[in-house]
Amino acid sequence: MFELVKSLTEKFGVSGNEEEIRDFIKSKIEKYVDGIEIDALGNLIATKKGNGKKIMVAAHMDEIGIMATHIDDKGFIRFSNIGWVSANYALGQRVMFKNGTVGTVFYEEQLEDLKGLKLSNMYIDIGAKDKEDAQKKVMIGDTAAFCGEAQKSGDMVISKALDDRSGCAVLIKTIENLPKTDNEIYFVFTVQEELGLRGAKTAAYKLLPELAIAVDVTLTGDTPNCKPMEVKCGSGPAIKIKDRSVICHSSVKKLLEESAQKIKIPYQFEILESGGSDPGAIHVTAGGIPSGAISIPCRYTHSPSEMVSLTDMENAVKLLTQSLVKD
Amino acid sequence: MILKELTELNGVSGSEYNVMEFIKGHVEKYADSVTIDSMGNLIAFKKGITGKYKVMLSAHMDEVGLMVTGYQDGMLKFKNVGGIDERILLGKRVLIGDKRIPGFIAAKPVHLQEKEERSVNIKLKSMYIDIGADKREEAEELAPLGEYVAFYSEYTELGNDTIKAKALDDRVGCAMLMELIKERYNFDLYACFTVQEEVGLRGSEIAAYRIKPHVAIVMEGTTCSDVPGVDEHNHSTTLGGGAALTIMDRTSYGDKALVNFLYKLAEENNIKVQFKRTTTGGNDAGKIQLTGSGVKVASISVPCRYIHSPASIMSKKDYDACLELAKLALSRFNNDEILGGLIS
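For the protein sequence lines, the chains are L and G, in the order given.
The letter at position 179 of the first sequence is residue 178 when you use numbering that gives the first Met the number 0, and the numbering goes up by one with no holes.
The letter at position 98 of the second sequence is residue 97 when you use numbering that gives the first Met the number 0, and the numbering goes up by one with no holes.
The set of hints was computed from the structure by calculation and includes no laboratory data.
Be careful, since some hints might not be right.
Stated by the list, open to error - Cut-off 30 Å, straight-line C-alpha distance, at most; resulting in silico cross-link-like pairs (DSSO-like, lysine-lysine):
no.: 1; chain 1: L; residue 1: Lys263; chain 2: L; residue 2: Lys325
no.: 2; chain 1: L; residue 1: Lys136; chain 2: G; residue 2: Lys263
no.: 3; chain 1: G; residue 1: Lys255; chain 2: L; residue 2: Lys5
no.: 4; chain 1: L; residue 1: Lys135; chain 2: G; residue 2: Lys211
no.: 5; chain 1: L; residue 1: Lys53; chain 2: L; residue 2: Lys261
no.: 6; chain 1: L; residue 1: Lys73; chain 2: G; residue 2: Lys255
no.: 7; chain 1: L; residue 1: Lys130; chain 2: G; residue 2: Lys255
no.: 8; chain 1: L; residue 1: Lys263; chain 2: L; residue 2: Lys252
no.: 9; chain 1: G; residue 1: Lys181; chain 2: G; residue 2: Lys255
no.: 10; chain 1: G; residue 1: Lys255; chain 2: L; residue 2: Lys135
no.: 11; chain 1: G; residue 1: Lys255; chain 2: L; residue 2: Lys27
no.: 12; chain 1: G; residue 1: Lys271; chain 2: L; residue 2: Lys130
no.: 13; chain 1: G; residue 1: Lys316; chain 2: L; residue 2: Lys130
no.: 14; chain 1: G; residue 1: Lys98; chain 2: L; residue 2: Lys30
no.: 15; chain 1: L; residue 1: Lys48; chain 2: G; residue 2: Lys211
no.: 16; chain 1: G; residue 1: Lys271; chain 2: L; residue 2: Lys73
no.: 17; chain 1: G; residue 1: Lys255; chain 2: L; residue 2: Lys136
no.: 18; chain 1: L; residue 1: Lys47; chain 2: L; residue 2: Lys317
no.: 19; chain 1: G; residue 1: Lys263; chain 2: L; residue 2: Lys130
What the hints assert, rightly or not - According to the in silico footprint, chain G covers these stretches of chain L (three or more CB under 8 Å from chain G):
no.: 20; segment: 37-49
no.: 21; segment: 63-77
Where a beta carbon is used, it is the ideal one built from N, C-alpha and C, also for glycine.
Please build the complete structure, drawing on both the sequences and the hints.
Following this line, the structure appears as structure tokens:
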């Protein structure tokens, strides 16, 4: 599992620029599915045919990042966020553009007080001599992802983009070992989740499934002096009850809970006060689609050093698999 | 110029019918059919020669403005419709309703304000519109509750190349669509003049759902902040810098192949072009992109300084660049292979 997560997190896939990660996932799953397509927005839809229930499984491929918006005469790059990027997390980090150009994110040092830190008074230094030199490597509109190589620490993975490459990994592992089932299953690797659940919306409309399950990360309440929340890293995959975008359908919640009990894996429930996820867009699509989610507890979400438990992920694969093959 | 007539019509979000009738009168003779949908979107359809693909062009007819929400004796209380910086309102002239009753936005005069009041901005809720009515009954008669209020602003040409007017956002788009529908193309063309963009991209959502186009181009007026006091890295667009293409804003991420195609097309044909360099704001592309199973979108915009105010300023050259680029793009789309390639 770690090797898969590592290679997934290494791929470039800032929201709206999911080509590289999509090609990689496609190459991993192609041989296991009956059909594969890429839709107008760029979602990757892999279908396992069947005559039973039509189920959509979603994990988003995109990651947060930045976009170059201006290059000054000295070659320093101003930028805008893509998805929710914290100025505090970004300070002093490295970013990598799609072509491999690396830069440091820093702030205008005249700032007296870091409370005034905003992305608009920060810049990226790619070590360019001047504007012309910078433009050889980076153009306005180019996007970059934060650097944060995946490393293993005990049962934990520390990496950038675990939101939601860990969900992608769970889907890939599920696809690779899917037991025989009559259900027609659409594995959708969605785009632009971090910009407002966009890919999931159009994919759900196209597929009109009877039921949808998303696999994404969720926040935890198990770090020093953090906001209270009943989710812990390592205590098993979380069955989503609600977040700011969705109240999960009771039938999906029940399916997931009964599946977890049947295969005897640890699980927990998730009530996320802030943040939304793909089911938020899916459940109100067309005439309505019963939706739920398996969430992987993730510390330091949207930082370049997110942290998830490998055991939680392994159990998420088991839980998803069991839920999909149940009649 | 058609832009003078268009910007001097009033069509605050939800009351676009005057603009709609005007446009209808002009496009009817070029369109194969003209539909007005349940929200008031005007959809002018022109059948394509091969008709293999559906292309949607979108420009919104509505403009930001105000609405009468109450009375204080003969004075009108009001709220904004669409996003307006309330600090620009005081002292502005307005026109109320279809009768275009003149009014003036005012507040307690400066010499009667307390010291503390003078140091802070006067809030919209403390302002009122004076229409010269003494009594509430008289005011109610002239300006019933819910009546729309538009900025009064004459179309004026400034200097050699610039235009000052209200509602350039997005009558510039309307004017361009009125021009683009004159041609017949290979693809089916849906020129959509949408409603209620300024209150949440509402009209375009149902228009796009009805059409389910393969590709959509939004023609807009967009922010331009190349003015004193703004650092260069915060300039969203530059006046005179040419047609502005959106890479990403708050509501959409333009289809990269399509946006790059437009940028290259402009460069190759010496049409001035720039990227919009901030990611704030939004337009109809946001809703169109997410329609049905997804639509490829791009936006071509005319930079407008002081957008959402009675005195927006644009460059005629930028307008020409946008129109020329759109014309050229559509003529390339005539090649089913080119269009098909962009869509696949």
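Problem set entry | Hint consistency between L/Lys130 and G/Lys255 [alpha-carbon to alpha-carbon, up to 30 Å] | At roughly 24 Å apart (the allowed maximum being 30 Å), G/Lys255 and L/Lys130 satisfy the hint.
Exercise. Does the structure keep G/Lys271 and L/Lys130 at a Cα separation of 30 Å or less?
Worked result: At roughly 21 Å apart (the allowed maximum being 30 Å), L/Lys130 and G/Lys271 satisfy the hint.
For this session: Compare the distance between the alpha carbons of L/Lys263 and L/Lys252 with 30 Å, and conclude whether the hinted pair is satisfied.
Result: 16 Å, holds
Problem set entry | Restraint check for G/Lys255 with L/Lys27, where alpha carbons must lie at most 30 Å apart | 25 Å, holds
Problem set entry | Check of the segment 37-49 of chain L against chain G for coverage (Cβ-Cβ below 8 Å, three residues minimum) | n = 4 at 8 Å, threshold three: holds.
Exercise. Is it true that the CA of G/Lys316 sits at most 30 Å from the CA of L/Lys130?
Worked result: 27 Å, holds
Exercise. Is L/Lys47 within 30 Å of L/Lys317, Cα to Cα?
Worked result: OK: L/Lys47 and L/Lys317 at ~18 Å, within 30 Å.
Problem set entry | 30 Å limit on alpha-carbon distance, applied to hinted pair L/Lys263 and L/Lys325 | Cα-Cα ~15 Å, so holds.
Exercise. Within a Cα-Cα threshold of 30 Å, do G/Lys263 and L/Lys130 meet the stated pairing?
Worked result: 21 Å, holds
For this session: Measure nothing beyond the straight line between the CA atoms of L/Lys136 and G/Lys263; if it is 30 Å or shorter, mark the hint as holding.
Result: 19 Å, holds
Exercise. Would the pair L/Lys53 and L/Lys261 pass a check requiring their Cα atoms to be no farther apart than 30 Å?
Worked result: 22 Å, holds
Exercise. Do the alpha carbons of G/Lys255 and L/Lys136 lie within 30 Å of each other, as the hint requires?
Worked result: Given that 30 Å is the threshold and the Cα spacing comes to 18 Å, the pair holds.
In terms of the numbered hints stated before, the structure departs from hints 4 and 14, listed from lowest to highest.
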